[in-house]
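6 protein chains.
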Amino acid sequence: MSIVPAYASYQYFRVTSPAEHVVHVEINNPKRLNAFSQAVWLEYGRVFAQVSADPQFRVAVLSGVGDRAFTSGLDVKAAVSDSPLTTADGDEVRRAKLLRNHIEEFQTSISAVEKCEKPVIAVLHDVAIGLAIDIATCADIRICAANTRFAVKEVDIGLAADIGTLARLPKVVGSLSWVKDVCLTARDFSAAEALAQGFVSQVHDDKAKALAAALALASQLASKSPVAVQGTKELLNHSVNHTVADSLRYTQVWNSVALQGEDFATAIMSSMQKKKPTFSKL
Amino acid sequence: MSIVPAYASYQYFRVTSPAEHVVHVEINNPKRLNAFSQAVWLEYGRVFAQVSADPQFRVAVLSGVGDRAFTSGLDVKAAVSDSPLTTADGDEVRRAKLLRNHIEEFQTSISAVEKCEKPVIAVLHDVAIGLAIDIATCADIRICAANTRFAVKEVDIGLAADIGTLARLPKVVGSLSWVKDVCLTARDFSAAEALAQGFVSQVHDDKAKALAAALALASQLASKSPVAVQGTKELLNHSVNHTVADSLRYTQVWNSVALQGEDFATAIMSSMQKKKPTFSKL
Amino acid sequence: MSIVPAYASYQYFRVTSPAEHVVHVEINNPKRLNAFSQAVWLEYGRVFAQVSADPQFRVAVLSGVGDRAFTSGLDVKAAVSDSPLTTADGDEVRRAKLLRNHIEEFQTSISAVEKCEKPVIAVLHDVAIGLAIDIATCADIRICAANTRFAVKEVDIGLAADIGTLARLPKVVGSLSWVKDVCLTARDFSAAEALAQGFVSQVHDDKAKALAAALALASQLASKSPVAVQGTKELLNHSVNHTVADSLRYTQVWNSVALQGEDFATAIMSSMQKKKPTFSKL
Amino acid sequence: MSIVPAYASYQYFRVTSPAEHVVHVEINNPKRLNAFSQAVWLEYGRVFAQVSADPQFRVAVLSGVGDRAFTSGLDVKAAVSDSPLTTADGDEVRRAKLLRNHIEEFQTSISAVEKCEKPVIAVLHDVAIGLAIDIATCADIRICAANTRFAVKEVDIGLAADIGTLARLPKVVGSLSWVKDVCLTARDFSAAEALAQGFVSQVHDDKAKALAAALALASQLASKSPVAVQGTKELLNHSVNHTVADSLRYTQVWNSVALQGEDFATAIMSSMQKKKPTFSKL
Amino acid sequence: MSIVPAYASYQYFRVTSPAEHVVHVEINNPKRLNAFSQAVWLEYGRVFAQVSADPQFRVAVLSGVGDRAFTSGLDVKAAVSDSPLTTADGDEVRRAKLLRNHIEEFQTSISAVEKCEKPVIAVLHDVAIGLAIDIATCADIRICAANTRFAVKEVDIGLAADIGTLARLPKVVGSLSWVKDVCLTARDFSAAEALAQGFVSQVHDDKAKALAAALALASQLASKSPVAVQGTKELLNHSVNHTVADSLRYTQVWNSVALQGEDFATAIMSSMQKKKPTFSKL
Amino acid sequence: MSIVPAYASYQYFRVTSPAEHVVHVEINNPKRLNAFSQAVWLEYGRVFAQVSADPQFRVAVLSGVGDRAFTSGLDVKAAVSDSPLTTADGDEVRRAKLLRNHIEEFQTSISAVEKCEKPVIAVLHDVAIGLAIDIATCADIRICAANTRFAVKEVDIGLAADIGTLARLPKVVGSLSWVKDVCLTARDFSAAEALAQGFVSQVHDDKAKALAAALALASQLASKSPVAVQGTKELLNHSVNHTVADSLRYTQVWNSVALQGEDFATAIMSSMQKKKPTFSKL
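Protein chains in written order, with the working numbering: chain A, 1 to 282; chain B, 1 to 282; chain C, 1 to 282; chain D, 1 to 282; chain E, 1 to 282; chain F, 1 to 282.
The set of hints was computed from the structure by calculation and includes no laboratory data.
Do not rely on the hints blindly, as some may be mistaken.
[As the list claims (entries may be wrong)] Below, computed lysine-lysine pairings styled on DSS-like, alpha-carbon distance capped at 30 Å:
#1 A:LYS281 x B:LYS77
#2 B:LYS31 x A:LYS274
#3 E:LYS115 x E:LYS209
#4 E:LYS31 x F:LYS274
[As the list claims (entries may be wrong)] Derived list of chain C stretches under chain B, where covered just means 3 residues or more per stretch with a C-beta under 8 Å from a C-beta of chain B:
#5 104-117
#6 162-170
#7 184-195
Quick reminder that beta carbons are idealized off the backbone N, C-alpha and C, glycines included.
Looking at chain A on its own, in the form it has when it is part of the complex:
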């Protein structure tokens, strides 16, 4: 499939459009198990900022190139050389400032999927450890291959996960006992366990089938009102971080304009006439 021209310049990401309004973003660094150096994560942030603003796309699918890994996470070797710890002069506080800003930049890049106004479906497969979980918790819907090997790996390299897993995982699944188990032990967990715990929504036989399912789901979402779909993502993310009362009020304000758009009328009309609706770009 050909690269979408507007996304041709990315070095670490392969961006295609397998169906109308659907964008497929692939982490494209398979020789290094799709590991993330700073260059990779900065580009990752830019890809999804572009997708968010790009009216031709309504849904994104995220997966990894190759059959060895979604991503093995942080490229530790590159991380060591990129790190302010390696290069910084100064005392503990000055190193702390550099580290804080470094982590913030990294978090901001990875949060781009959460901030993306369109739904993002992550397809996990093969190795999906460490940063893979930070990435996956930002996605809206998680689908995986049966062979996926998950782990919140950071404890085993001597640190608490700091790119989002610990901030989001308790809000993404129900069992805090399980969350603490996998985060404290850094143990592997399987696709079946991920499904049972609600971390993923579907498990498929292999990567190809998982990806096919994700693309089918993406096409389905792409056929719906983008006003309704994007509003739903926004309001659900708001709800995760606010009280019921705050979210109800925010919803009133949000829908006070959303309901004025043409999508509502189009959808109701199509529904009554049993026709397939067509919606403008958003």
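Position chains B, C, D, E and F relative to chain A; hints supplied.
Then chains B, C, D, E and F, alone, in the frame of chain A:
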């Protein structure tokens, strides 16, 4: 079963008392699949405000009249004619104000079940789509018939659900991936799926059995200290919207009066004497 | 196994160290089914404050002495005589103040496990009702024996649970319908149900096996970087009570010092060299 | 001045329109120093709900009829006979429930001015004690006569102020030391002190001049874009209760529709042409 | 004046009762300008915990012994020797843990005045720098002598104030520009400036007059209903940290018991009969 | 004064360093009264991001070039042509999305001063209306010339201020009555009024003197420990948006590293030796 006299004037709700201290509220608009027009939801809010204040009742069960639907949700046809969009003059901002206030009134009515000081057990059956989910997420315990067809249907009529589903569903079940799946796709989900995801607590063979189970559960709750039961509802709802520290403090203040009541003494005494306690109205 | 000398003075708790860096705290009041009077809970708070500050330990396991109960909860008879209700002069408000302060002291003692900087694994077995649930919701990981009989029992003695269950349970498991069911009905639930709902992470055949599993898990955690492990506990507990944005920022600040420690270098080096790392006390 | 017909049925409030788009609401119970019984506060809530929804008005001025009092606050004699304490059966908990609901109803009525979508200017004069402060803290701008005698009087009748003063006063003025002084001592404070502390914005020689100033200010506000004015009230009230980040986001959503209205274009055009703009009702 | 016997064992605090229900706590380390070492602050926390629970007292006044200083703040020499920095082994993270816990213990001691259920009036005089401001921001009402020399001094010893000044000062006075000025520059500010900014409520000619004014105010508060006074402190402190909506709800629950006490009836009766009321201890 | 080379490429800002560690940023668009078009605000955000990261600077002063205006605010003419309203196709919802993103970008640029890790002192003079207030509320300390003409002007162009004034002003000054007055009326207010309300900290005779005072203050801050100064800014900004409890905890974590740096030791040593300390860059 005869209508409770104080509730005889409602047009769209059938209110009976199948057991001591138990009230059964039925949505009574079966010809229209128990759909909600503005008249229905305003009445719904009033019914549960009355139940909340009525000392003869300690628990409520909510279901739909008939075997076709708990509720098919918004009465779209009526909604279109009730809507400020249809009648409003003025520019985008003036329409927005009317819409905002319209949604607020609607939300407030549906939130009456959450605000009701007594537990409300929802019995879902047959069609339970759209507004049915907004309603169900306000209930305390959800029980359903095996044939229930659930859907967060709003995306398919071109809008983000705005009467509470998106504000409450992430707080009601554990898997955010599942929440986003069903809210973004508007797909049907079954009783079995609802049970597996923790959306409902029990599935029964048919509506009659689900209702019987709900009434048995209601009778059980009605036999307990209303001080303990209503306090438990209040403190759990507080916890959903506050930090642990805030909820612990609120609990101290709440129980500093609750523990002074006669129920505590009565319950302990009955427990020691293996007798069935009797509690005053609340 | 011999008592750890620094913990020899406790009357109601047996404190041993079954493995390096692992502390085992046992509720040691088996004649009274390990029930908690005020003397017991005050001591409980002190034990875990001491564990939190004690650099020789990295993980704690909590269980009950004997084969009859983890704990039957509040020692109701003692509670009645300890209670400000029994002894207080004065009007409703003066009694309320004493009750409020009494509950606060009790909550603070039980919260010591949550506040403990090291992970605490609770091993539930036999009777685990009432206060047992308040205690268990503070632990990080819950493991139980197949014969465990759980219940949020407080409604049956005429009160809303006030030592933490209602504040924490909705944050610990996914299904709010289930939480309200067990909290409102005070019914028993089994180990299997606790596992299915995500309240516990493992069920074992009997107490001995559950304890063995907990100790094995504890040993595994104790072998890891204490900086990573304790940071992970802290950041997950923060996340439960804050927005994603707040937790991401807090994580930056936390890790800006944690990453400077020797554990990160040690862990990475060991990982590269496939050696077992050794970490300093914390 | 004649009563506005749509508001003619109120017993305790005199509602006139002294200028275009301006409504003047007077507490009209001068024989009882404009004191509030339950009947008065319920009506008060209804008046301002009606003003909020009434497109003919853009600003409200609130004052008291007569030259003896803005309001002397709660009608204590009536309060004693209205109170659940007087009439309630039952134990401490049952009385507590009635009291809680009674206070909530009272708070909701008084909060109607805060919730009113149009700015409300309170004109304080003569006696302005107790409930007068609860009322005034809900208003947007406070103006007073030089003779006003203010007091947060509740401590002197044995209770903590519970209708809003304690919840709002720390958010309305800057000095917490002053807030605690006047709330704990229940002492009188003067117009000059109220001005120095920022509680009021203007002091005038007498009630007539204060009222004239308020009406002039109201007329000025009424001549401006109601979209801009009402949006400003909404966003400032949001800011008082939320973080900067939350308010910035809410502002984006709010103005994403507000900027589409005709007022923005009208105002800019008029500003460029140095003409007086005309805005549609809102 | 003689020491109150129950407080005779304190080494660094002189505790007397200059009037009925009034306790006067003096920092009693004048040779060291009332500076705080760890021993002093731990005792300080215990004194106010005792006052909070002691029914004989209803109001506290806090001042410094001698005419040289309220307090010169941290005893820097002692602090250096007490500090974990001096004694700790280990890497940056291990030192960080000790520092974190050390600061927490210090903060908790100083916060005892905020947590004290009775109002605390601070009398500032002479030197009142560094920790003096942390202490003063916890008090309810601040009164000072004209000669007081204030400063948020911490920046000048190379650190951000960490015992409460930065957390509380923006909530205690109105001008954030002023707060940042004095906190960033560490400059002195005078009693007159403190009054103009609302940091103190009264300035008196000298320490003796400031103290006399504080004791008179304390006696006035002590003559009022302790239920009303303590409830007012609690609800104002709640309001500083919560939204209006949360505080209104908390107020309902709080007063649902407070209104049942005898103070309300006593106060109203006395008010009607123009008699001085007498209230029971609290 | 010569431009700092690293900042030479900015078109709308003049960046000089009038004293060691002090940067002076001037809005340099005097022909248009320093008004802000989109190009200006995007550059503004970049300037302060660069200052934040630039270790040679410890304090920034912000003023406007020329003697006509600090800034007259939004360049309305440019704004109209930049606006998505002018260029956007599509219905209300599609325009709303573009507006929302446009406002967000604008807010993010202006918030750069708040986010800047170094203190920023704003020097207001001459015309300071509309966006000038949004900008000023982000600064840490505000100083002005006596001739400054302030206004929250947005209501007069038909909109609620949306770049930060409404989100921040209630947190920056004490009197909410005054805040609502100036925001709702859009009236001018003077330097004297700004000082009396706490909006500015100093008023000087003219712009030159105000600037001199700001530079002197900046030099003073620049001579202090940057660890202490930047930590103080961070913790005060945290406090504005969080509860006391949250800020105390955040402070512990922040200072657990800050206290380990060399500044603390350097500052204490210099203080004891009465020498001027020297601090490393940060």
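Tested hints:
A C-alpha spacing of about 27 Å is found between LYS281 of chain A and LYS77 of chain B, which places the hinted pair at or below 30 Å, so the restraint holds. A C-alpha spacing of about 22 Å is found between LYS31 of chain B and LYS274 of chain A, which places the hinted pair at or below 30 Å, so the restraint holds. For the hint pairing LYS115 of chain E with LYS209 of chain E, the CA-to-CA distance comes to about 28 Å; that is within 30 Å, so the pair holds. Taken as a hint, the LYS31 of chain E and LYS274 of chain F pair is honoured in the structure, with Cα atoms around 22 Å apart against an allowance of 30 Å.
Taking a C-beta to C-beta cut-off of 8 Å, the region 104-117 of chain C contributes 4 residues in contact with chain B, enough for the three needed, and the coverage statement holds. Chain B is given as covering the region 162-170 of chain C, and this holds because 7 residues of the stretch bring a CB closer than 8 Å to a CB of that chain, at least three being needed. Counting residues of the region 184-195 of chain C whose C-beta lies closer than 8 Å to any C-beta of chain B gives 3; at least three are required, and the coverage claim holds.
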